[in-house]
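Student: Protein chains in written order, with our numbering: chain H, 1 to 292; chain Z, 1001 to 1352; chain P, 2001 to 2407.
Just to be clear, a hint being listed does not mean it is correct.
[Claimed, not checked] The following residues of chain H were derived to be distant from chain P, with all beta-carbon distances above 10 Å:
| id | residue |
| --- | --- |
| 1 | Ser52 |
| 2 | Ala57 |
| 3 | Ala213 |
| 4 | Val222 |
[Unchecked claim] Covered stretches of chain Z (in silico footprint by chain P; criterion: 3 or more residues with CB under 8 Å from a CB of chain P, positions within the stretch not fixed):
| id | segment |
| --- | --- |
| 5 | 1087 to 1101 |
| 6 | 1152 to 1165 |
| 7 | 1287 to 1294 |
| 8 | 1312 to 1318 |
[To be verified] DSS-like cross-link-like pairs, simulated, lysine-lysine; straight-line CA separation at most 30 Å:
| id | chain 1 | residue 1 | chain 2 | residue 2 |
| --- | --- | --- | --- | --- |
| 9 | Z | Lys1125 | H | Lys279 |
| 10 | P | Lys2166 | P | Lys2199 |
| 11 | P | Lys2357 | H | Lys262 |
| 12 | P | Lys2199 | Z | Lys1148 |
| 13 | P | Lys2405 | H | Lys262 |
| 14 | P | Lys2306 | P | Lys2201 |
Hints are computed from structural coordinates only; laboratory data are not their basis. C-beta: ideal position from N, C-alpha, C; glycine also.
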Amino acid sequence: MVNFVQFLTNGILVGGVYAVVALGIVLIYKATRVFNFAVGEMMVVGGFLCWSLLAWAGVPVWPSFLVALLGSFVLGLIIERLSLRPLIGQPLLAAIMATLAVSSILRGVVILGWSAYTVSFPTPIFPEAPLWVAGVSLSQGLLLSFVLAMVAFALFVFFFQRTKTGLAMRATAEDHQVARATGVRVTRVFALTWAIAGVLAAIGGIMVSDRMALGVTETAAVGLKAFPAVLFGGLDSIPGAIVGGIAVGVLENLASGLIDPKIGEVTPYVILLLVLLFKTEGLFGLKRIERI
Amino acid sequence: MSLPCGTFNETYAQDMAIVRTRTQWIILVGGLVLLFALPTFAGPRVITLGNLIGISVISVLGLNILTGYCGQISLGQAAFMAVGAYTQAMLTVHLKWPFWAALPVSGVVAAIVGLVFGTPSLRVKGFYLAMATLAAQFVVPWMIVNVKPDITGGIHSFRVPAPALGGGLVLNTQTEMFYVIIPIAVIMTFFAKNIVRTRVGRAFVAIRDNDLAAEVMGVNVFRYKLLAFAICSFYAGIAGALWAHWMRNIAPTHFHLVDSIWYLGMLIVGGIGSTTGAVFGAVFIRTLDLSVSLLSPWVSSTFPAIGGQASAALSPLLFGLAILLFILFEPRGLYHRWEIFKAAYRLHPYSH
Amino acid sequence: MKHLAKFALVLVVLLLTLAPLAACKQAAPTVQKPTVVRIGVITDATGPYAAIAGPTLDAYLDAQAYVNDTGGIDGVPIEVVVRDGAGKVDLATSMYTELVNMSPRPVMLNLIVSAYAEALHDRIAEDEIPTLSVTATSAIYPRAYTFGMYLTYADFAGLFADWLMKTWKGSAPPKVAFLTWDSTYGRAILTQEVRDYFKSKGVNLVAEEVFKMADLDVTTQLVRIRDKGADWIYSNSTATGPVVVLKGLKQLGYNVPFAGAIGFDWSCMYISTKELVEGSVAIFNFVSWDETDNPGIQKMTEYFDKASRPAKDRTVLYPLGFQNVLICKEVIGRAVKEVGWDKLSGEAIKAQLLKLKNFSALGISTITYTADRYSPSLARVYQFKDGKLLPVSDWMEAPNLLEAKYK
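Isolated chain H (complex conformation) (with noise of 0.2 Å):
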């Protein structure tokens, strides 16, 4: 019983990770549409400058923390510029393959800037003790960062319900056309999406890179596991990210605990084929009325 606890907690902690970075790409796709797929490398890049400031610079964990997630949000308003701002009215593909490029990109700017090989943290960002509750082990690390997560999402909740951006942004989520001739300037809304998705992706990547080590290719591979969590929940609804992400967690580590590892990676596909067997808009994905 205590590991199946353990089991189960596991699961929903590094599910708040997957949570995180799922977030991410539902917020892109909710207001324009674009599945993202540089959120690996966005991650990296994230985690890299928070990296620079402790290691170069020696600046404090949290204060590198911010800066970082400030950087990355400067980041996500540079790649909205350049390569998706230009593509608006375009196909909704030659966005996507943007993104495509993007993420080669960013992998050549962070060999280029930073480092090809795998590097770890000097200090570690969260810390590295365990907590204990009723003889199940509580990563802090990994508790933080489901905090962490659990709180982006208060915040994302209150700031579609409550604030004028946050309106605009549903705004736009529901209809382009229709948000432009209200009056909200969709440019901004989406310049804003993509800083945002840049700072999820950010907390993401450190969360990550804390845990293992910080690598082009090791932390991107996380955001991978975002895809399936991404779907669970429904490609656009908050809340679904967030259970998606859980939900990704638990199974893999039910599985892997109770079963075989050896199962662990695939059970979530094979559950989330089922579910959308039956929940065709993941679960709680907004169910659209189709006319000719």
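Given the coordinates of chain H, work out where chains Z and P should sit on it, guided by the hints.
Tutor: What follows is chains Z and P alone, placed relative to chain H:
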């Protein structure tokens, strides 16, 4: 399709022909002669690249039928290639089938697996469907590794013999493989070009444009969607089978999610929804990929001051920049630019 | 239909006329008196394995400088031709085709990524190019022209069992759990031969768990291992693999010693808190950078500093690249002495490779190849003490745990 100025269709046969004018015949025959004569004057690197392009063209053509014509996005093309590759390997190694007999079977087996993963397309649309095919990308390698490792080689790579055509004729060198891969690629291109001109192709386009409307018009949407999946995976299976013989070795890692994403990328760069575009895209991306990876060792040995790492950054950087600039200036793909060029040539000296 | 027939006719005619034409093309004539001896290298300057394979690039160039400074091979300078496979087997195949068709053709080849060695194994055998490969899976077999530079992972595991039994002080037999990567790399130790050997040595193998390269957290696997009461954890993984395992152990407060093979010390540099690795064991067959009195380390440091390489390139892969060039020089030199420059062939070089017995280039590692074992067999056990990786055993002969199908 607009006709060259001064060319009129007088019979139905003329109206339906793919190759319409004398110039087109000359270009087609001349192009084929050049293509098949390539090994006589090109270096081994070009021939190897040509083989890789040939295989990629087949795979992208299949994807074009599914995604470009039928509008179903797939992120599982590499997984279906893996099915074809492993079927081919198992048939030729364990059952000692000759290469040519195993090839169509590999295509068919891949088509069947494609059908299975295409089933959700009945209800699931757009990117959700992409993710259903994404599941294939994880389930198929998992099965290769875990289900019957003694037959599939499991996690270890599976060595495949050079294709034997019977009568002791074994094709092994890149040049010999060129004469296997390229004719098959040409034939597959021809079929791809034709499939979309038939009733089936029209149904695909109707589904892509609006599946509800297509259904109302009497198109059996589910049947045609499945058919598109089957054709797409058949192409992938053939491409995978050729890959197996070309690489002489297959492993689950050869068919990664990233490869699937890039097959889709080739299609988008080339111009989605056009056979010519699929060919353009495969040629463009594969050539670019090879050129940039030749660059970094060259730079680091020519300009040692730059250092190994900085030069290593050049490949992904230039690769991404080339594609990004390309997409920004031609979001509709290479094929669109090609059409503009053709129109300009046709209408010369007038602009319209 | 008429057009289809016409089209098919054109195709067939083209095939029949042009295929023989291309096939008739002759290879370039062999050079009698070389001005340079080429050694081809396919490595990853970019791509997923760049972090591991990247440092070899520097090592090859530095070793080339060293060999040429000391007179080359019989007065002929060597040239190392490096190509980047970028982690893609298709690109590696292109690069390989280019290398074997080069004039003058490289007489030996070095592959720094296992996937390439696997994919190219049969072609290398047909082209008869003796190849040194980092591959430590059974992919260098069946015996042909590919030689391993490391013990196979299975042999490393066997050597671990030997060492464990030699040092084990408990009364009950030691319980060992495998926690390994779910990949060709990691699963190389999950063979029947390894299990049988552990059993024969009296080591109790209690668990065989796997994890994925992108797994953030392996506490789930570790809980399963804890339930089996393992005394040691042996992991065949590299890069971030050991990091994740060690962090998981710490999180669970599970105090069990950790051992890894060759990849472990590459990854130790990613671990920020050095006390995490303290006491862990790594088994490998190369000298450690921390053994400063070794002549190889001194020579490498000299050339490393001369070329002002970045400090992070000081990984165990650097000595590998450096040593490979020295081995190539040795066997090519011996082959030339025996058959002369004009008759220098892949076969002649391979014969010399098989005659290597306890050959040590500057003491970097010790290589012996025999007719049935195409990988070295001597390795040492190293331990992390005060943040340094130092040997705790002498060179030990590892058992030969080759899979039955290759015997």
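Student: Would you mind marking each hint as holding or not holding in the structure?
Tutor: Okay, the hints, checked on the actual structure:
1. No Cβ of chain P comes within 10 Å of the Cβ of Ser52/H; the nearest lies about 14 Å off, and the non-interface call holds.
2. A cut-off of 10 Å between C-beta atoms confirms that Ala57/H is not in contact with chain P; the least separation is 17 Å.
3. Interface exclusion of Ala213/H from chain P breaks down, the closest Cβ pair being 4 Å apart, not more than 10 Å.
4. Separation of Val222/H from chain P is inadequate, the least Cβ-Cβ distance of about 5 Å not exceeding the 10 Å criterion.
5. Coverage of a stretch by a chain is defined here by at least three residues with a beta carbon nearer than 8 Å to that chain's beta carbons; for the segment 1087 to 1101 of chain Z and chain P the count is 0, and the condition is violated.
6. With 5 residues having a beta carbon nearer than 8 Å to a beta carbon of chain P, the segment 1152 to 1165 of chain Z meets the requirement of three or more and the stated coverage holds.
7. Check result for the segment 1287 to 1294 of chain Z against chain P: holds, 4 residues qualifying (beta carbon to beta carbon below 8 Å, three or more required).
8. Counting residues of the segment 1312 to 1318 of chain Z whose beta-carbon sits less than 8 Å from any beta-carbon of chain P gives 4, enough to reach three: the coverage restraint holds.
9. Between Lys1125/Z and Lys279/H, the direct Cα distance comes to roughly 11 Å. Compliance with the 30 Å bound is thereby established for this hinted pair.
10. Distance check on the hinted pair: Lys2166/P and Lys2199/P sit about 15 Å apart at the alpha-carbon level, within 30 Å; holds.
11. With a C-alpha separation of about 41 Å, the suggested pairing of Lys2357/P with Lys262/H is violated against the 30 Å cut-off.
12. As the CA atoms of Lys2199/P and Lys1148/Z are separated by approximately 26 Å, the hinted pair is consistent with the 30 Å bound.
13. As the CA atoms of Lys2405/P and Lys262/H are separated by approximately 25 Å, the hinted pair is consistent with the 30 Å bound.
14. A distance of roughly 48 Å separates the Cα atoms of Lys2306/P and Lys2201/P; the hinted pair therefore is violated under the 30 Å criterion.
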